[in-house]
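Protein chains in written order, with our numbering: chain A, 8 to 181; chain B, 8 to 181; chain C, 8 to 181; chain D, 8 to 181.
Hints were generated in silico from the structure; no laboratory data involved. Nothing here was measured: the structure is a model prediction, and the numbers come from that model. No false leads were mixed into what you were given.
No farther apart than 20 Å at their CA atoms in a straight line, the calculated lysine to aspartate or glutamate pairs in the EDC-like style are these:
hint : chain 1 : residue 1 : chain 2 : residue 2
1    : A       : 68        : C       : 176
2    : C       : 18        : D       : 96
3    : D       : 132       : A       : 133
4    : D       : 68        : B       : 176
5    : C       : 83        : D       : 89
6    : C       : 18        : D       : 99
7    : D       : 83        : C       : 80
8    : C       : 68        : A       : 174
9    : A       : 18        : C       : 176
10   : B       : 68        : A       : 96
11   : D       : 139       : A       : 133
12   : B       : 132       : C       : 44
13   : B       : 68        : A       : 101
14   : B       : 132       : C       : 40
15   : C       : 175       : A       : 21
16   : D       : 134       : A       : 133
17   : D       : 132       : A       : 44
18   : B       : 87        : A       : 80
19   : A       : 175       : C       : 19
20   : D       : 175       : B       : 19
Output of the computed footprint for chain C on chain D, the stretches with three or more beta carbons under 8 Å from beta carbons of chain C:
hint : stretch
21   : 14-24
22   : 65-78
23   : 111-123
For each residue, glycine too, the CB sits at the ideal point set by N, CA and C.
Protein chains: 4
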Amino acid sequence: MEKQRKQVHSKEVEVAARSLLEERGVSIQAIAEIVYEMQGGYNEYLTVEDCAISVERVLQKREIQHAILVGVELDKLAEKRELSQPLQDIVEFDEGLFGIDETLALGAVFGYGSIAVTTYGHLDKEKIGIIKQLDTKHAEGVHTFLDDIIASIAANASSRLAHRLRDKEEAEMV
Amino acid sequence: MEKQRKQVHSKEVEVAARSLLEERGVSIQAIAEIVYEMQGGYNEYLTVEDCAISVERVLQKREIQHAILVGVELDKLAEKRELSQPLQDIVEFDEGLFGIDETLALGAVFGYGSIAVTTYGHLDKEKIGIIKQLDTKHAEGVHTFLDDIIASIAANASSRLAHRLRDKEEAEMV
Amino acid sequence: MEKQRKQVHSKEVEVAARSLLEERGVSIQAIAEIVYEMQGGYNEYLTVEDCAISVERVLQKREIQHAILVGVELDKLAEKRELSQPLQDIVEFDEGLFGIDETLALGAVFGYGSIAVTTYGHLDKEKIGIIKQLDTKHAEGVHTFLDDIIASIAANASSRLAHRLRDKEEAEMV
Amino acid sequence: MEKQRKQVHSKEVEVAARSLLEERGVSIQAIAEIVYEMQGGYNEYLTVEDCAISVERVLQKREIQHAILVGVELDKLAEKRELSQPLQDIVEFDEGLFGIDETLALGAVFGYGSIAVTTYGHLDKEKIGIIKQLDTKHAEGVHTFLDDIIASIAANASSRLAHRLRDKEEAEMV
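Using the sequences and the hints given, assemble the complete structure.
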């Protein structure tokens, strides 16, 4: 018996990814504030709204949506203690040398170039804004994957703004 | 209430990763045969046993063990239809533009350098040996993540052999 | 004395990158043919012209242009025997375990997702079309970096087509 | 006429890489101090000497040595104004959106896992110790590639220590 191929429509994936972020308490605004903190220094005219628009565009990318779907699924399964051992303990207690959360986030970050990669690394260490909140209010849920994914979305939106700023400067240079 | 930190011992992780491979029908020997096919041409004295030893060494790496734990967990959950939608359909039907399986495998492959990355890319396209079997006997299980992970183990073991061969040549050159 | 900051205009970078490809004997058409060979099987309506348009779009990316600038510079310096030792010999003789050429190409490939990475790995092993020509007519020049860069351009253009094909199918599905 | 294959001995590559670091004013000690600042907080018994030993081990890796050879060569050529335009200006003025320096450094960092990648990203933003010195005493030389390479060596040595600390803890746990 052959398995039937079934295509999942991109729109469905995007809607699911967005509602997962909302369900886990992560607003576009909260991510935009991280982006503003990262990029504000390079562009005095930048507003949090610009940053929110950049976050929106990043969320339209398939690779980001897929990372959200997989990462939040694993977080939620760990929360319900439904993962097999020892994976359950590794994810639940955010085991220090476990790197799959970062690998997943890095995979989503490469698409926006080396500025995105270094910004991601920085956010992963510094944990500002909503990333810090998720990392500390630990007792109320597992966010082992989610904090890295948000860092990757914010890093991508930051890199996108840096490249656009340059394009704009050059357009005006002519 | 604060969550208690719990460390999972490396030995436990390694044992779990190895028994997952076995459970999913993947022997060291089957991976070694892929390695032999990739490296045999560069070294006439290479045996399948050498390749098996190289595979064993790769399986001692934390990053590989973690990738096996996460990837096989997701495959098994998809098999039992226990993932949320639309992730369930994406993993079950091995959706063409889903890249998280490759991202996970690539993360495990970077540790062995650029030879490992290109060998992985090649195996991902060519699908030889056990990788092909898993890819085709689809009706009997979900192996969306597993085939990429095996390609990554084989690629790492190949790269390791290439570097060791060179070290040996240089030692004899003296 | 402080150094003055000088911005290089994107347009200038693009023109330079394109003329370097031409100077080294690599036409858009030759890269498009590789893309066609990689993607033709997935889409019966695909033409070599579609592939050429995709290559053109990839060449507009800053990361690709920079990779061309650096890679061809190193190839040309090696050709003129102007690199320091032992780098001169490593690049001139395309030393097997030297991975910087692949690292540079991989950096340019991540931007197009995991399909691009695996396609790159495949092209790096199989060396079809112009990539093979550059690799074999060795005696007439050094192309240690160039062949990997072309593989990365072709891989990116292939991945771009795969994603676009899917977008088109979905638009028609409605 | 066929080109003769010539192998460059690893020892020669290592010696060259180490003397380039020295020539550019970068001591093992200076890199060890960055590592100590990154890892001291996780391990109260860590000494700068331990960090120096870890740096030494990292410098034995082919991928790092090759990155040093290529990166410093490009820095020195830019210093002597011997690169072609517009690459000369891009490297000399450390053009903000040029990412090849980071790509090269990232390629060398993947080998030490995701801790190394995020530590690298952090160092690239924070620029502590010798990295900051190279970045600011700009007027006296071009270090566009070198500062990223040092960040990558320090990140690798840090990741190596984190993994070893864990191995030691586990050995004592028995």
